[in-house]
Amino acid sequence: MSIMEQLPVLLIIGPIIAALIILAAGWHDRRLCYPVMLLSITGQFIASLVLLLQVIQDGTIRYYLGGWAPPLGIELVIDSFSGFILSTIMLLALLAIVYARRSVEAEVPAEKIVSFYVLVQLLIIGLVGMTITGDVFNLYVFLEISSIATYTLIAGTRSPRSYVAGFNYLIMGSIAAGFILLGIGYLYVATGTLNMAEIAMLLPASYELSTVHAAFLFLMIGFSIKAAFFPLHLWLPDAYTESPSAVTVIISTVMAKVSVYAMIRILFTIFTTAYIIESFPVTEFILLIATIAIVAGAILAIAQNDLKRMLAYSSISQIGYIMFAVGVANQIALEGGLLHILGHAMMKGCLFMVAGLIIYRMGTSNMLELRGVAGTMPISCAAFALAGASMIGIPPTIGFMSKYYLVLGAFEAGYWLYAAVLLIGSLLAAGYIWRFIEIAYFGDHHHKGDQTTTPEGPISMIAPMVCLALLCLILGIFVEMPMEIIGPAAMILLGGI
Amino acid sequence: MIWELDFALLLFMICCAIAAITVRDLLHATIILAAYSLIMTVLWAEMNAVDVAFTEAAVGAGITTVLFIAAISRTRRSSSD
Amino acid sequence: MIEIPPAFIYLGGLLIIPILKGRLGNLWALIIGSLGLLAAVLIPETSGGITLQVLPGIETIILTMDPFRHLAGIIFSLAGLMAIVYATYRDLRKVQMIGILASIAAATGIVYAGDFITVFIFWELLALASLCIIWASDDIRSGGAGYRYLLFHILGGACLLGGIVHTIITTGTAAIGPVGDGAGLILMLIGIGVNAAAIPVHTWLPDAYPVASVEGSVALCIFTTKAAVFLLAMIGGWGVVVAYLGAAMALYGAIFALLQDDIRRLLSYSVISQGGYMIAAIGAGTAAGLDAGIAHMAGDIVFKSLLFMVAGAVIYRTGRGRLSELGGLAKAMPVTALFAIIGGLGLAGLPGFSGGATKGMVLEAASAVPFLTPILLISAVITTIYVFRFLYFIFFRVAPGECSSGDAPLPMLVAMGGAALITVAIGAFPNLLTDLLPGGTVAHPFAVSHLIESGGILITALILILLLRPLRRPGEGWETDIDRLYIAVGRGITWISAEPLSHGAEGISRRTGSLITVVQRASANPPVACHIAWKTSVLPFVRVFSDPPAIQRYEDSLRELRRSYPDEQTPIQGGGYGIILIAIVAFLYFLFDLIR
Amino acid sequence: MRENVVIRTVSRLAVPFIQLFGLYVIAHGASGPGGGFQGGVAFAAAFILMIIAFGIADVRKRINNRGIMIFSIFGIALYAAVGLLSILYAGNFLQLNVIEAALGIPHLHGILIDIAEAGIGITVMAIMISIIYDMADTGGESA
Amino acid sequence: MIEVIFDLFTSHYNYWMAIILMLIGLYALIAKQNLVKKIIGLNIFQTAIFLFYISFAEVTGGTAPVYLPEGAEALYVNPLPHVLILTAIVVGVSITAVALSLIVRIYEEYGVMDEDELMKVVRER
Amino acid sequence: MGDIPGILPAVTIAIPLLASVLILITGRYENLRESVTIVAAVAMLGTVLAMLPSVLQGNRITLLIIPMVPGGDFALKVDAFGMVFALTGAVLWLLNSLYAIGYMRGLKEHAQTRFFFCMAVAIAAAIGIAFSANLLTLFVFYEILTIITYPLVVHIETPEAMRAGRKYLAYLLVGGIFLLAAVILTYLLTGTTAFVPGGFLEGTGSPVVLQILFLLFMVGFVKAAWMPLHAWLPAAMIAPTPVSAFLHAVAVVTAGVFGIVRIAGWVYGMDLMAALGLGTLLAVIASFTIIVASLFALTEDNLKRRLAYSTVSQLSYILLGVSMLSIAGMTGAMAHIPIHAFLKITLFFVAGAIIVSAGKESISDMKGLFQKMPVTVLMFSAAGIGICGLPPLAGIISKIYLAIGAVEGGVPILLIVIIVSAVLNASYFFPIIYTMIVEKPEKEDALHDVSEPPLTMLVPIILTATISLLIFFFPTMPFLDLIGIAVAEITGGMIP
Amino acid sequence: MRTKALVAVIFIGIILFWAVEDMPAFGDPDSPATRYTGEMFIQEAQKDTGIANIVTAILVSYRGFDTLGEVIVIFTAGISVALLLRRGGRL
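If you read the protein sequences in the order shown, they are chains L, E, D, F, S, P and U. Quick note, the first sequence lines up with residues 303 to 799 if you use this note's numbering. Quick note, the second sequence lines up with residues 44 to 124 if you use this note's numbering. Quick note, the third sequence lines up with residues 1107 to 1702 if you use this note's numbering. Quick note, the fourth sequence lines up with residues 10 to 152 if you use this note's numbering. Quick note, the fifth sequence lines up with residues 10 to 134 if you use this note's numbering. Quick note, the sixth sequence lines up with residues 124 to 619 if you use this note's numbering. Quick note, the seventh sequence lines up with residues 2 to 92 if you use this note's numbering.
Bear in mind the hints are in silico, worked out from the structure with no lab data behind them. Any given hint could be a false lead.
[Unchecked claim] Which chain F residues stay away from chain U? Per the calculated CB distances, all over 12 Å, these:
#, residue
1, Val19
2, Arg21
3, Val24
4, Ile27
5, Phe30
6, Phe63
7, Arg71
[What the hints assert, rightly or not] Cross-link-like lysine-lysine pairs, in silico, DSBU-like; alpha carbons within 35 Å at most:
#, chain 1, residue 1, chain 2, residue 2
8, D, Lys1641, S, Lys129
9, D, Lys1200, P, Lys566
10, P, Lys483, D, Lys1200
11, P, Lys563, D, Lys1127
12, D, Lys1127, P, Lys566
No residue lacks a Cβ here, since even glycine has one placed at the ideal position from N, Cα and C.
Just chain L, same shape as in the assembly (with noise of 0.2 Å):
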């Protein structure tokens, strides 16, 4: 059984060596990489599942990397929060990479194929390192590893434009990665200790100083920026919009789900409801931000002509109610918000990959040139309507799932306005939802008639936009299931057990 006791690590090292394959595979011969790549995500996201099994059955897995025990060494604790986010994560970089290839194929120049693998690659060992470690120091060597990824990722292929939003989170990106350097020194500082479990131990004794609210603040603003949450959203929709298709798909499902795993991570494991609750109550701050979040995100989306940046600015949005679950911060509210980073990770993921598929298919992703496109496009459109249904909040969705347990925790802790906005805001969710299957339907019925028999892209892009739209449907109504390691795992972070 010693793989299985080793399986945390290995979820990191076998990337890497994959990554290390998919190089001198890709220098040999470029259609090798691919293969690889599908290869090791997939042993990726069996590996997640298993140990996402593993933590149901027998409560967290600590890993002592060189055996050394905290505080010395650096551990991976596999918890049942951490389980989730990783099986989430691993599922839509899994669908993300099936999507990928003839997306990639299509937008990024061929002898840029192999590199750009690569850095995929890494970008998804970047976020498995971040969501498994419990070191902090780590988190921030695998956040700068997946930020680097993202950079490139992002500037390198599409168009010339990208290079500008690519800097541009560049620079956003680097800030933010340094007030986190600096939180994580304060806290060094204050406590003396790099392990999150032992912070958390030792933090409480110095609560009052104002060091620690120092860390608590620059954590704060690095994760923000590096979640985009409102107001720090600002590289968000360039990046998103100006990114390839595939590219698109992993940074607004992946990254963006563990960065915002990390914050809660911070705000719950490392500082803990005492803190953040009790001793400097910022929840209220939080929720605050967040329902603006909800509704400038959404109204920002409405705007929108071009397809993606419209989704990109539903992001925004969307993080919002995230953070709203850890404004509210109590047991259902999170359990929504947990619920929530796999709802929107699928139907977000859906739809980009409905808008990437409509750029390879149309070359474009500006709405006024779409009018119509159901037509030619019936699958896309339809998944498009199923994920937007969820983004809505239209149930049975799973959408409509993780809303339902964000408002029943705002109410019940007696947040009874910032719910109204927040249901507000799952409205201008259909405003900016709607305006697309609109134009996607029934923009134009005059031009339906060119009802080609082609079909509308690659299996292998369609497939993985279906399976998740299918999600949004089927995990919304047997929402039960994510809820068994949901329950837990908002329990762990309010301090149970």
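Following the hints, put chains E, D, F, S, P and U in place on chain L, whose structure we already have.
Same frame as chain L, but now just chains E, D, F, S, P and U:
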């Protein structure tokens, strides 16, 4: 450790930093940045962080400067501010 | 014995009408009419009735029997048959034939109904049937008139329903009988009053009857008001208020009848007037009053329909319907003229005609209520005057122009003849009628007191005719009634719904739309939008506190900002602002931390 | 790059020394200041000097992109291999003392650390050269 | 009073200076139009943070964290921040490299290096 | 009497869903696609009828599908009241499908597959609403209904239609949000959302909270189109007529009022409503709506829009009935659901038939239509008369109960509302009838090539009108019987 | 822009200065960091790894994983630069 020396170095660094971002010629700015890094190296060495100082010397004053110069050589040397 | 409610015979019969062609329809209608009459006659007075359980908790008695009902049923069926006969002079529109049959059905249905719910259903059916008849007319005014007719009756029906329901709740039964008091009574009274053309809700009657077709107005005049009167009688237990209401109607109708030029309008007011007599009698509350009311109703049905038939015949032959345009038809239409005289004298209440007998009964019954008799007497005088006026102008004065192409067609004559016969028969032998009355009241038309009374009325009328000489002035006619008021109200409501309401709704939706546009535009470039909003809101202060050139500059800059505002979201934003934002947010957190 | 005899000559002399210094730094990492990273950078500096002196094309002959690729992969693989080795000996990843205990070789721990450092150094060197190549070269490799 | 301030100064001046450096870097990031200048600012910002770390690793009177020959007792400074910063420096240079290559790319595409101009050009295209 | 588990409710909902999938698959083959619709409609009617006897015996068929979220499982329960709605829906879906086939083919509409697909899903959602066992399930279906009817509303895809669609969606989604808030609040107050005859909110919150909750519910059920939140309904008239018919008679608006009745009877309970003064509130809203909507209808020239305002007005009868908080009022309210459905669908069918046959939408253009399409116009008149509450059509039945309820509930003032509205109803319906039947076309040949609509349209029209007639004559079976059971359930009493 | 930048910088500066106040004094041997892990490493490193340079010991052994990450970072940067700038070639 003598804090006055320390302090002087720090002040000098600040001067360098300000200079680096004010000078209009980017190449000059790069060189000033290298100087800044070198002072930083000294400072760290003086703070008993020899490994870090070593690295900073190699990276901050070395590689980074080279990278900057390479980049500037491929773009433009002058800056409007 | 057969116990089929006649209403169902008529209703069953009319279903076949649409598929019958030409004269076949007329024939069928005649058959149905006869069958209905037969059924009405044959229903035994001892019948236990027919009860249906349609609505849970409410028994619907579609057939119940008592002497009043027997009498009324026969009268209605008979009059209906006459109306059908009268109508067969030509190929009728099917709608009209259906309407006539449905009217008969509804009226008989009301008559035999044993509970209020059934009454109500037939009540509404009657309104619809009448509407069919009115709208079947070729007169273009019939549209509006029918519409108003309907609205009145819907109002009446609804009020009746309210009254019924109130009664059911307060008394616990739906059986026809005295109603409670309060709201139920008022509603019931309004409901019945509308159909009975009680003032002030009578205006539909002179409005609609003159514009119906000739045969239609005959059918109309028989059922609606009379059924209402019958129901009023059946319910019973009314107070003196109703009696006075009847008196008012009698007087009011009579006066207005006197002022009319249109012959059918004249007769319409006469209907109101005579209805007033009946209601007055019923309102008197005594058994004799009830008897008198029903008796007068029976009589009135006959002679009033006779007069309408005459008017119809005249209009049919001459194409004119105004006193001022008619004249000297006695020569051209002698038989019609004869029938007209019979009907007219019946209406005037001359002894020997049915009106004489029944009106006498009414006057007798009315003596139970103070002041009632004088009013009715005055009305009688006026009635006599307008009857004379009616007869004189149509038949006897020097013709303004020969226009008739002969006497009325045979079916009309038959119908008129039948009606005239009945009028005379009842007039001569009141027992024919009064024997059927349950109260056992008898008429004494030839008793001395009655003769004196009738003579007095006649003489007064003659004197007045001679004095006022109204006969010489066929004039324009006074057609203004309080319906102007109702029409104004209706127009007002229409205006309200057309103007303020819809404009208001439109305005709201426009506002909302522009608000959404503003938000949408603002979201295209939020910083600039905020900037503009800020500057705009500061503008008034700047105007107050700055010197003119500064204001000018300020306004210019604002205008420039607005002008250069992007219509579309600008892509790609610089990084610098982002960092400033970071600083601000961080500082906000910090402040929050400080003030906590 | 202007032909400059002095620079060329000095470079030709200096490069081996710098490379040697790099190796030393890497090797010395265990006992004193220095380590894989610094050594790698120093090593790369030698190549930078060569680029300055002889131009890129010349240097590419010594180490081309393929070589860089191989070196970088090799370096990381070396590090990972050391880590994975400990898994083979039923330890956790990078649990070097398990290997030491299993093989019974004293100071193996330190040696393994050195190996790992070497891996770092190789990778850093390769990548640094690669970056310099890419930054400084506008033409690209013809191969 | 002065003494207190002086104490505070002597005990924290390193941090203060590091902070000032950080702020200078940040300022450059925000206010400087030239992209290379921004990256220079970023570098300064990062190194300032490194300085911050090294500062709190320092122990007065300590020696470098390399074991002195056997037997010699010494007060070593805290080695952990050094390790962290070693890693962070590498990260820093990586970011610098990527950023500079992006700048090169941007210059090749748009021919400008100033942010405002760049935004203008980007929007026009 | 009691709860019996059964799978049929789920089957009933699954049939149209399955059909919708089949419709998508068979989309290219018109005949096949349409036969799928018809077969599914028949099958669904069959399953509903199969449940009818059991429900008529007072049983409730329950089915738990899956646990969902705190506050409600995904569960179905067929009780008498739900059966009323479901039966109406099932019958009308069949007829409406027939009609829609004729209509869509008659106009050669585009995107027919989408149309039939959405129809099928919509009916599934409507039935789901009828069979919901708790608020959450109801909400789920309610929202699905909102979304799936949108493509139907904007079917013609003109800019005007899109605007209307947006309006439609905006109102309904906002409503949905309020409903969600209400559901959640209910859950927080009581820990359950399952419908309990007679209500379960009693004593769970302060009166103010419960009053606010009720307001939330009211806004939530904006589908009931009470004023001033009615604007979406006339706007939605841009839809093809089968859709309008379906929306008005079966699915959307009826779902709204269904929800309100459910809330009144199964969540609040009449006693609590009375105690909180909610009856008055509801009465005010309903009265206002009834009268003002009628006024709006008065001057509207577009036939379908006039009918829409009529619907707004008529639906508030149901609210009015509920507001009386009396047994008879409740009975009238419930009875008005199927009755209005059958009558209004007839009217819309005719409006559509006129569009197909004569291509006319404005009332003023319909002069003399009777001569060319007598049957159709006759059916229209009949249904119009029925809506006005005149015999011999079903409308009178509910009206009688409502009137009884008004007096019984001690609010005779509502009688006035009924009376006024009766007059207004007549005043906007009869001009239409007059125009169609009596008036002559302005130009002789204006109606030259107009004839009766095809049989697929005519037959449903006649059938719905006939059913309305039959309901008048045989009101108890099954509607009033079912309603009796339902009312008995929530009041513990018997039908009056 | 410059004033805005200055204000922003001052904002951040205020926070930073405020935070520094409660930090242990520069060179304080009793700061939690030094006392806790710092001393631990210093005591353990020799025993555990047997190499003299504590920094290296931590770098490769205790926090070897970080270092692996660091190598990956630089690797990523290399690939990134190659992707961005390299023309032709196989990457």
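Now for the hints, and whether the structure bears them out:
1. Val19: It holds; Val19 (chain F) is separated from chain U by about 28 Å at its closest Cβ, greater than 12 Å.
2. Arg21: 27 Å, holds
3. Val24: Given that every Cβ of chain U is farther than 12 Å from that of Val24 (chain F), nearest at about 22 Å, it holds.
4. Ile27: It holds; Ile27 (chain F) is separated from chain U by about 20 Å at its closest Cβ, greater than 12 Å.
5. Phe30: Since the minimum Cβ distance to chain U is about 17 Å, Phe30 (chain F) lies beyond 12 Å and the statement holds.
6. Phe63: The claim holds: Phe63 (chain F) sits with its nearest Cβ about 21 Å from chain U, beyond 12 Å.
7. Arg71: Holds, because the least Cβ-Cβ distance between Arg71 (chain F) and chain U comes to about 17 Å, which exceeds 12 Å.
8. D:Lys1641 <-> S:Lys129: Given that 35 Å is the threshold and the Cα spacing comes to 25 Å, the pair holds.
9. D:Lys1200 <-> P:Lys566: The hint holds at about 24 Å.
10. P:Lys483 <-> D:Lys1200: Given that 35 Å is the threshold and the Cα spacing comes to 26 Å, the pair holds.
11. P:Lys563 <-> D:Lys1127: Given that 35 Å is the threshold and the Cα spacing comes to 22 Å, the pair holds.
12. D:Lys1127 <-> P:Lys566: 27 Å, holds
Figure legend: structure checked against the earlier numbered hints; every hint is met.
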